[in-house]
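Which chain is which? The protein sequence lines are A and B, in order.
Heads up: the first sequence begins at 1 in UniProt numbering, then just goes up one per residue.
Heads up: the second sequence begins at 1 in UniProt numbering, then just goes up one per residue.
Rather than coming from a laboratory, the hints here were simulated on the basis of the structure.
For every residue, glycine included, the Cβ atom is placed at its ideal position computed from N, Cα and C.
A couple of the hints might just be wrong.
To be verified - Below, a list of computed lysine-lysine pairs in the BS3-like style, where the Cα atoms sit at most 25 Å apart:
hint, chain 1, residue 1, chain 2, residue 2
1, B, 192, B, 154
2, B, 192, A, 115
3, B, 154, B, 86
4, A, 43, A, 79
5, A, 18, A, 43
6, A, 115, B, 176
Unchecked claim - Simulated DEER-style distance windows between Cβ atoms:
hint, chain 1, residue 1, chain 2, residue 2, range
7, B, 208, A, 107, 29 to 35 Å
8, B, 64, A, 66, 32 to 38 Å
9, B, 171, A, 64, 34 to 40 Å
10, A, 118, B, 67, 43 to 49 Å
11, A, 63, B, 64, 18 to 24 Å
12, A, 56, B, 171, 52 to 58 Å
13, A, 56, B, 139, 36 to 42 Å
14, A, 164, B, 191, 49 to 55 Å
15, B, 72, A, 80, 45 to 51 Å
16, A, 147, B, 14, 42 to 48 Å
17, A, 2, B, 16, 53 to 59 Å
18, A, 163, B, 52, 47 to 53 Å
19, A, 80, B, 118, 35 to 41 Å
20, A, 64, B, 193, 28 to 34 Å
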Amino acid sequence: MLTAIIDYESGNLHSAEKAFQRMAAEVDAGDVVVTSDADIVAKADRLVLPGDGAFPACAAELRGHKGIYDAMVEAVEQKGRPFLGICVGMQLMATTGREYEDTAGLNWVGGDVVKITPQDARLKVPHMGWNDLVIDQPHALLDGVENGQHVYFVHSYHFQVSNPSERIAHVDYAGDITAIIGRDTMVGLQFHPEKSQHVGLRMIGNFLKWAP
Amino acid sequence: MLKTRLIPCLDVADGRVVKGVNFVGLRDAGDPVEAARAYDAAGADEICFLDIHATHENRGTMFDMVRRTAEQCFVPLTVGGGVRTKEDVRALLLSGADKVSFNSAAVARPDVIAESADQFGSQCIVCAIDAKTVGHDEDGEPNKWGIFTHGGRKAALDKDGNPIDAVEFAKLVAAKGAGEILLTSMDRDGTKSGFNLPLTKAISDAVNVPVIASGGVGTLDHLVEGVTKGGASAVLAASIFHFGEFTVQEAKEHMIANGIPMRLQ
């Protein structure tokens with residue numbers, strides 16, 4: 001079994017790599033590699049797409065690495081390989097990103113990524129820190145994770161899903177912020193599981209065991 | 001609901017914790033990685049490393065320390081001290097830091113914040129501001145603060161020779177793309193007399209990004225005031241935790257008892 005964390009030069013992958021390797025050892029899920037090699041992306045059993053920074057920049061970087069991009073899309077769309085997007089990697093699953101300019105996403109989960117505008121104007125943006133999950137529907141990734149457990153967020157834009165059945169969990173920030181999205185073999189986390197202590201590690205382990 | 005963050009800060013020089021950390025069960029109290037692990041296990045919401053010497057020669061030591069910490073701690077790690085360019089940011093992020101903090105370099109050239117935020121995103125760019133009271137109102141309350149650099153030793157002056165106003169500077173760096181402000185009161189740092197609350201409130205009201213209050217914590221009530229009176233999104237403390245006066249858990253429970261939402265494990 002091989003899990004590929006896709007490196008398209010979108011930021012720090014060291015923590016993610018260590019967290020996935022630790023959990024892969026714990027749940028006996030084989031090897032985890034950080035890679036920018038299209039052949040490895042094509043043959044991996046599971047894919048992880050991280051992402052930090054601005055939506056248009058990440059989308060451009062990802063599409064600029066054409067070999068990886070094509071291999072990833074084929075693995076997910078044609079072969080149904082389990083896929084996990086993290087932070088901007090999750091946002092890229094949307095139809096459209098509306099950060100600075102309108103940018104097409106992968107359109108794997110219908111919806112737009114828009115600026116966070118809390119109804120309470122005193123609330124700060126970015127939405128930064130630990131927030132408690134409100135689970136909307138069951139999912140294999142949430143095995144052993146309870147309503148009200150905390151995960152670590154840092155983002156200024158959020159994913160508004162078109163189809164409520166594709167929102168797995170949200171948090172409250174004077175309004176709903178989508179925390180987890182999912183459809184078929186794809187799942188996306190707005191928060192950083194690799195920075196969310198035992199709760200995040202649990203979800204990483206669940207993803208590595210997931211057989212959708 | 002988003003929780004207020006409690007952040008222990010470790011001052012590091014040449015790869016060792018300065019002042020030491022008095023925890024039960026630490027094999028090596030001077031090893032920053034050990035200390036960070038202990039705070040992670042104790043429920044810290046983030047961990048902050050401040051490289052207080054930050055000479056060019058010890059950067060390698062710092063990168064190694066950050067790398068080893070990131071391999072073992074699964075909470076966010078902020079690193080500051082001697083960060084001058086976006087290349088410094090990149091090197092620290094690649095080592096495993098989640099956020100990188102500018103201080104003197106941002107005062108000398110605020111555009112370094114914009115360049116770094118454009119490349120790596122605001123979420124990982126912190127601007128540390130060291131401020132000292134330079135003016136009072138009629139009632140003797142502090143109402144004007146100047147910026148200090150180089151570990152608080154040097155007053156930062158504008159081109160007319162006046163102290164750079166801390167509130168205006170905070171607005172400037174937030175506009176440049178700093179995702180967070182780490183605000184230290186030089187009047188209070190090390191005094192254990194509590195945060196400079198008028199300063200914290202003035203900056204927190206002036207910017208829309210989160211403000212971390214720092215400098216002066218001596219009691220658990222000080223942590224509470226930083227949030228309830230200062231408007232801080234996070235509170236940072238060093239010595240009250242290092243010397244075992246209070247645990248992270250005790251601090252959080254005290255804050256919850258005073259109506260502040262906190263994450264408990």
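(request) Quick one: which hint numbers does this structure break? Sort them smallest to largest. (result) 2, 10, 11, 12, 13, 15, 17, 20
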